[in-house]
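For reference, the chains in residue letters:
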Amino acid sequence: MATDFWASSHNKRWIIDRASLKQARSEDLRYVESPEHVDFLNIYFANLIAMLGKRLTLRQRVIATATVFFRRFYVKNLYCETDPFIVIAACCYVAAKAEESPVHIKNVVSESRLMFSQEGYGVKNFPSDNSKLAEMEFYLVSDLECDLVVFHPYRTLLTLCGREAAHAVVSEAGEVGVGIDNGPRYWGTGEGRLELEEGPLQTAWHVIPPPPSTLHSTLLRPKTDQIRALNRFIINDTYRSELCLLYPPHMIAIAAIYLTLVLNDKTREAIQAQTASSTPTPTPRRSSRTNTSSVHRKLAAAPQQQQDFVGFMAGLRVSLPTVAMIAQEILSLYTLWERYSDAAPESGLGQSAVGDTAGDDVVTPAFLTQLLLRMREARLADLAHPASAQPMAVNKRLERTQAAG
Amino acid sequence: MADIMVNTNLPTTTMSGAREAELTRPNTPSKSSSDELYSIVSQVGEGTFGKVYKARNTVSGLYVALKRIRMESERDGFPVTAMREIKLLQSLRHDNIVQLYEMMVSNGSVYMVFEYMDHDLTGILSQSQFTFTDAHLKSLCKQMLAGLAYLHHKGIIHRDIKGSNILINNRGELKLGDFGLARFYHKRRRSDYTNRVITLWYRPPELLFGTTVYGPEVDMWSAGCIMLELFTKRPIFQGNDEIHQLEFIFKILGTPTPERWPGVTNLPWYELVRPKEFIPNHFRDLFRKWLSPAGLDLAEELLAFDPLHRVTAVQALEAAYFKVEEPAPSMPTGLSTLEGEWHELETKRERAKKRRKLEGGAVQ
Chain A
1 MATDFWASSH NKRWIIDRAS LKQARSEDLR YVESPEHVDF LNIYFANLIA
51 MLGKRLTLRQ RVIATATVFF RRFYVKNLYC ETDPFIVIAA CCYVAAKAEE
101 SPVHIKNVVS ESRLMFSQEG YGVKNFPSDN SKLAEMEFYL VSDLECDLVV
151 FHPYRTLLTL CGREAAHAVV SEAGEVGVGI DNGPRYWGTG EGRLELEEGP
201 LQTAWHVIPP PPSTLHSTLL RPKTDQIRAL NRFIINDTYR SELCLLYPPH
251 MIAIAAIYLT LVLNDKTREA IQAQTASSTP TPTPRRSSRT NTSSVHRKLA
301 AAPQQQQDFV GFMAGLRVSL PTVAMIAQEI LSLYTLWERY SDAAPESGLG
351 QSAVGDTAGD DVVTPAFLTQ LLLRMREARL ADLAHPASAQ PMAVNKRLER
401 TQAAG
Chain B
1 MADIMVNTNL PTTTMSGARE AELTRPNTPS KSSSDELYSI VSQVGEGTFG
51 KVYKARNTVS GLYVALKRIR MESERDGFPV TAMREIKLLQ SLRHDNIVQL
101 YEMMVSNGSV YMVFEYMDHD LTGILSQSQF TFTDAHLKSL CKQMLAGLAY
151 LHHKGIIHRD IKGSNILINN RGELKLGDFG LARFYHKRRR SDYTNRVITL
201 WYRPPELLFG TTVYGPEVDM WSAGCIMLEL FTKRPIFQGN DEIHQLEFIF
251 KILGTPTPER WPGVTNLPWY ELVRPKEFIP NHFRDLFRKW LSPAGLDLAE
301 ELLAFDPLHR VTAVQALEAA YFKVEEPAPS MPTGLSTLEG EWHELETKRE
351 RAKKRRKLEG GAVQ
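Listed in order, the protein sequences are those of chains A and B.
Numbered per full-length UniProt numbering, the first sequence spans residues 1 to 405.
Numbered per full-length UniProt numbering, the second sequence spans residues 1 to 364.
Just so you know, not all the hints are guaranteed correct.
[To be verified] Ranges of calculated distance between the beta carbons of each label pair, as one might list FRET restraints: (1) A/Arg317 to B/Leu272: 55 to 65 angstroms; (2) B/Leu62 to A/Val310: 50 to 60 angstroms; (3) A/Glu377 to B/Leu62: 45 to 55 angstroms; (4) B/Thr212 to A/Ser20: 30 to 40 angstroms; (5) A/Leu320 to B/Arg70: 46 to 56 angstroms; (6) A/Lys124 to B/Gly61: 49 to 59 angstroms; (7) A/Val362 to B/Leu62: 22 to 32 angstroms; (8) B/Arg288 to A/His104: 50 to 60 angstroms.
Hints are computed from structural coordinates only; laboratory data are not their basis.
A virtual CB, placed ideally from N, CA and C, is assigned to each residue, including glycine.
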């Protein structure tokens, strides 16, 4: 049911447990020196989807859907046995169609070729033939089992922060069941909404302080980095990880709100003040009807902007330990991301600048492309000489990938 | 969809298998071949983008309808209309909407697996073995409107309501099918869509006048055409082209005037196709012998010229025709005694065969 997450294929079939996810990546892990490299690949591919999406002028929602499709495809396939670049192109192409903003197949092929062939990425063999992408699309849709309805955290964020009417409903034209009143959200408090100032709300969606690695290049190319900083939305950022396979979107949204409250200076101070005065002075809970004494109303005048954030979080009918876990995972994603230099190789100059600053610890797109090629070669060798590997099963996936180019 | 699997005993090799099975099963598209799981019995129809077959599940013995999405002719890959139909159907569940059981990939084709429906409206109205009572026809009309009410509530316009897309099974249940032209619409905001939708005979006047801003009212006009067809057994407005279609409508309902339809003169093609002479409304004279008074009232409200005054599906279900006037609706369950299956495709073939015979006889 498209307007009902609980009955959807997303909930029933595409939220998987950690063990299954680990199983899905286990073969890939045999071909990398460090398990971290696979996490870097996850960041790399999501970045590529986002950049290709921007080139194709896809909306953020479409880009998010494309990323979810990509993650789902690789629950069943291996990085080392497929060509993730054509999968990326196919994900963008299918997502655009599925979200009712189709782009021409020719544009997808030419933009992908152009982007991937840039020096920093070093992907030279992207096919120029439309039919190759169409074929890949077929395999993709088939592995996605035609489950094309994807839910995202954006709507939850806007609902909880009281912006639904203003933005979400109107702007998401292609979304399934738009314009339908879902009734009260079962996981919400039912007690009004969190009122965030524009700044913090932007944070939940946007901005995290740029990591040190990009601070450096900000000096070199301030303009592009400003744009990039703006695009760093917490929720958008979660697509760099595999969170969208592990948790329902509304949990991810709540974790993003939680992080925002903690990271934003103003709200953090408010929370600290609130928890410090842990004396049982009744916290101004916004719609608790018992506290309507006139004395209290005087007190409540000040808290107008100082809301009960702790109460808000506690009032949500969700597992807060899970929220904390997701938040923790988002934070570790940022830690990892700091060591990833996604300075897009828009020019040879930018590329060399990155090369200079890149220490041993900094991972670049070029490195990851090379890593992927090595993984694929090693995999092929293993399959050709089964003695050196585990007993070989007939692998249709590989045949198909090769057939797809 | 997994719960449907249990009901119909479909094996887990198909696309809706349990998640655990999916993760381990091989990803070969030919694995769940239609040859193995389903054996095709016959062709029963022609959808917007592919043929529809009747097939039998070789494991459970149940019949399904397989709709093949043609891929090879599509240079742009997966047809966007097919994708839209899949997405739509996956999000719908209602007694009067045909149920999509699952998707299946086989030998380079994608199949949609539907519940099997024995007849379609065009086919069933063309047979003479089973006679529908007024209570049966009222039930069919009500079921159609209930399906439309659900769709419109979900924010979907069907855009191709016609006899061959209204499916009926031997239990007397009516279900709307073929969502190849359907799309989501904004409830709060009207937006621009193509006006080249809906089979000509069922196309509402505002589309014939060229409007691109419309909503679910377009389906209600088609529903009005279908309601009359239930009684007369043949399509009411059988035009050859857009202009002829409008003339046909005017001949029965009279010409639209600014009083009957404020804003008609502002429609894009009004000047091109405006009626040349005034024709009065003959609707009641023509259909009095077919429909009851309350039935006439409802049909007239469905066929209102002005889309803003056309009755909605929810309102139509509250009409006196259903709520007050006797007889009460009753499902035509007797259809199970009917021999054969009646689809438009077979009716057409039958007609073509007869014609050939006649021509053959003439030559001899």
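Results of checking the hints against the structure:
1. Separation of A/Arg317 from B/Leu272 is about 59 angstroms and conforms to the stated range, judged on CB atoms against 55 to 65 angstroms.
2. In this structure, B/Leu62 and A/Val310 meet the distance hint of 50 to 60 angstroms, their C-beta atoms being roughly 55 angstroms apart.
3. Checked against the given bound of 45 to 55 angstroms, the beta carbons of A/Glu377 and B/Leu62, roughly 49 angstroms apart, stay inside it.
4. Taking the beta carbon of each, B/Thr212 and A/Ser20 are about 47 angstroms apart, not inside 30 to 40 angstroms as hinted.
5. At about 51 angstroms, the CB distance of A/Leu320 to B/Arg70 agrees with the hint of 46 to 56 angstroms.
6. One distance hint, 49 to 59 angstroms for the beta-carbon pair A/Lys124 and B/Gly61, holds here, with the actual separation near 54 angstroms.
7. The hinted window of 22 to 32 angstroms between A/Val362 and B/Leu62 is violated, with their beta carbons roughly 59 angstroms apart.
8. Checked against the hint of 50 to 60 angstroms, the C-beta distance between B/Arg288 and A/His104 comes to roughly 54 angstroms, which is consistent with it.
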